[in-house]
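Chain residues, written in single-letter form:
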Amino acid sequence: MAEEPTSETEEAAEAAGMRSLPDHPVLAGLLEPFADVEWQPSGDQDTAIVPKDQLRDFARAAREAGFEMLVDVTAVDYLRRRRVRFEVVAGLLSLEHNVRLRLRVPVDEDDSTVPSLVPVYSGANFFERETFDMFGIIFEGHPDLTRILLPDDWAGHPLRKDFATGAVPVQFKSSPQVT
Amino acid sequence: MSDDTNRPVREIRDVWITPDEAPEWMRHATDEGAQTMRWDESQQRLVEQTGVRVEDDYVLDDEIPEDERMIINMGPQHPSTHGVLRLQIELEGEIVRRVKPIIGYLHTGMEKTGETLTYMQGGTNVTRMDYLSPFFNELVFSLAVEKLLAVEIPPRAQAIRVLMTELNRATSHLVSLATQGMDVGALSMMLYGFRERELILAFFEKTTGLRMNHNYIRPGGVAADLPDGWEDDIEEILQKTPVGLADYEDLLKANPIWEGRTRGVGVISPEECFAYGITGPPLRATGVDLDLRKSQPYSGIDQYEFDVAVGSHGDVYDRYRIRVQEILQSLRIVQQVADQMPSGDYRTDDHKVTPPPRKRIDESMEALIHHFKLFTEGFKVPEGEVYTAVESPRGELGCYLVSDGSAKPYRMHIRAPSFANLQGLPIMMADSLVADSVATIASVDPVMGDVDR
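Those sequence lines, one after another, are chains A and B.
Taking this note's numbering, the leading residue of the first sequence gets 33, the next gets one more, and so forth.
Taking this note's numbering, the leading residue of the second sequence gets 142, the next gets one more, and so forth.
A few of these clues could be false.
Cross-link-like lysine-lysine pairs, in silico, DSS-like; alpha carbons within 25 Å at most [stated by the list, open to error]:
no.	chain 1	residue 1	chain 2	residue 2
1	B	LYS549	B	LYS521
2	B	LYS253	B	LYS500
3	A	LYS193	B	LYS549
4	B	LYS514	B	LYS549
5	B	LYS394	B	LYS347
6	B	LYS253	A	LYS193
7	B	LYS521	A	LYS193
8	B	LYS435	B	LYS241
9	B	LYS514	B	LYS500
A few chain A residues that don't get close to chain B, going by computed Cβ distances all over 12 Å [unchecked claim]:
no.	residue
10	LEU53
11	PRO54
12	VAL58
13	GLU64
14	ASP68
15	GLU70
16	LYS84
17	ASP85
18	LEU102
19	ASP109
20	ASN130
21	ARG132
22	PRO151
23	ASP176
24	LEU191
These stretches of chain B come out as covered by chain A in the derived footprint (C-beta under 8 Å, 3 or more residues) [stated by the list, open to error]:
no.	segment
25	232–240
26	249–259
27	346–355
28	410–418
29	466–480
These are computed hints drawn from the structure, not numbers from a lab.
Computed from a prediction, not measured in an experiment: that's the story for all the values here.
Using N, Cα and C, we set each Cβ at its ideal position, and we do this for glycine too.
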């Protein structure tokens, strides 16, 4: 249900070496100059798969195209399920056009850095800190990339799929010994 | 200077003062490497982003001797921080110069827990996030699961969902008014707000069995039909709540003390709201009429008539006015739902998703199998990813769900409105009095369960 079967016209376009572009004029105009950004039609929400070196330029273009608000930044850990382990997912909302756009940025395990979106959308600050906290993804250019929800001295990043759960003593920061 | 006592001081210096300005003892490298944010950089960023010059943070132009600045910690046990919010406030006399919210004291790893619970059990988990508006959490999670499943929800279930969520919006805003009143010194508000809320919570208890954390809205519909005589309860709520609200208006609306404490306090502009992803009443108070119930309606809420309350000044007073008006608008929706309540099923009859009726289990083998499978291994959800959003009392509440085709979510992320709205606090509080900071926190109405998850 997630993957809509591609229609015949799209298949024909792909065969001719053309990129399929969304029907929505705003989205089409946004995606057109970015040849490396892949657009994925989904039954749910328009999704753009953005290479990380183009992320900031793309976000800047998106903001100019009317996506005023960065709604959410998070990540998914596809451990041993995909070739590229992480995927940073960001949600954009345009009030002007009443459209949502999802950005997906594949992030390799060996080089788990992504350019921060804070220079474009200041609101990315907390969300990126949370994603760093939970997944250990480094957002380059973030003004204050520290742990936000977990204690500063916590070891590991719990939302990674290989983070051991259960039977792990709860880590407390310098808790006094109660006898 | 012992190491640990000055740690917060040094942390805040790290962020606000450039390394060259700070003396050696102030520098404190975090584990991930110290980062600094310069005042002019952050200004430049905002100008670039919004096209206007907005006041983001405050740095004094003239030199102030070190001993005139003081950093205090407000919270996490301060009663007016609405839970366990901690604010590092840099004071210059009575004036708040800089603020840094520090959160995480209520973090319980609910997103991780969500990966180990089946879609059937997931509701019990998400309902505990924003504990003042649990129905919205359940709704957004259920909507996400249903979108992946592509199941049709019967009209009665949708109407019940709208009824419960809108009543929940009223209770949530009532708590907000009550606690805000108490924070600013109107102590009677605390009693009044909870009095009206109690009436609605009694109805919740009658319907769902619990006053909070209901797990009532589930994928496929709702857990149970409305109780007998629910029309009378709704009638009572619809009659009594506006009377109580009229009391609040007498108490607060034109009260010079209340106005003095809230007008022109904690101001934020629409551009700043967009930049920081602030939604809900704080955004609407600036005059932007973003309400997902209108722009991206869910559960058939677009078939009911209601108005979106907007303010114009973006201050604490406008946020308070919006909450009062939203309670009235919610009651207006509740009235319409009660009048037009469709008959029929309260959940989908797809027994792969919802359990079969108890009676059928005695007579049908298939029903028994469905029942057994559902409660042992849950139902499987097709592969895919989905994002759904609803307008919670605090703003856009979203659920991002990734399914790998099994009976448990591969990744369940909740976009918490309080979490994003907290980012606006440093802007709202800068250059105001310490006493005003309490009014400002209350007007954002953060629920720490929602912030920390």
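Do the hints match the structure? See the list:
no., hint, in the structure
1, B:LYS549 with B:LYS521, "8 Å, holds"
2, B:LYS253 with B:LYS500, "37 Å, violated"
3, A:LYS193 with B:LYS549, "14 Å, holds"
4, B:LYS514 with B:LYS549, "14 Å, holds"
5, B:LYS394 with B:LYS347, "33 Å, violated"
6, B:LYS253 with A:LYS193, "9 Å, holds"
7, B:LYS521 with A:LYS193, "20 Å, holds"
8, B:LYS435 with B:LYS241, "34 Å, violated"
9, B:LYS514 with B:LYS500, "17 Å, holds"
10, LEU53, "21 Å, holds"
11, PRO54, "17 Å, holds"
12, VAL58, "15 Å, holds"
13, GLU64, "23 Å, holds"
14, ASP68, "21 Å, holds"
15, GLU70, "15 Å, holds"
16, LYS84, "19 Å, holds"
17, ASP85, "20 Å, holds"
18, LEU102, "6 Å, violated"
19, ASP109, "8 Å, violated"
20, ASN130, "5 Å, violated"
21, ARG132, "7 Å, violated"
22, PRO151, "6 Å, violated"
23, ASP176, "5 Å, violated"
24, LEU191, "6 Å, violated"
25, 232–240, "violated (count 0)"
26, 249–259, "holds (count 4)"
27, 346–355, "violated (count 0)"
28, 410–418, "holds (count 4)"
29, 466–480, "violated (count 0)"
Going down the numbered hints, you'll see the structure goes against 2, 5, 8, 18, 19, 20, 21, 22, 23, 24, 25, 27 and 29, while the others check out.
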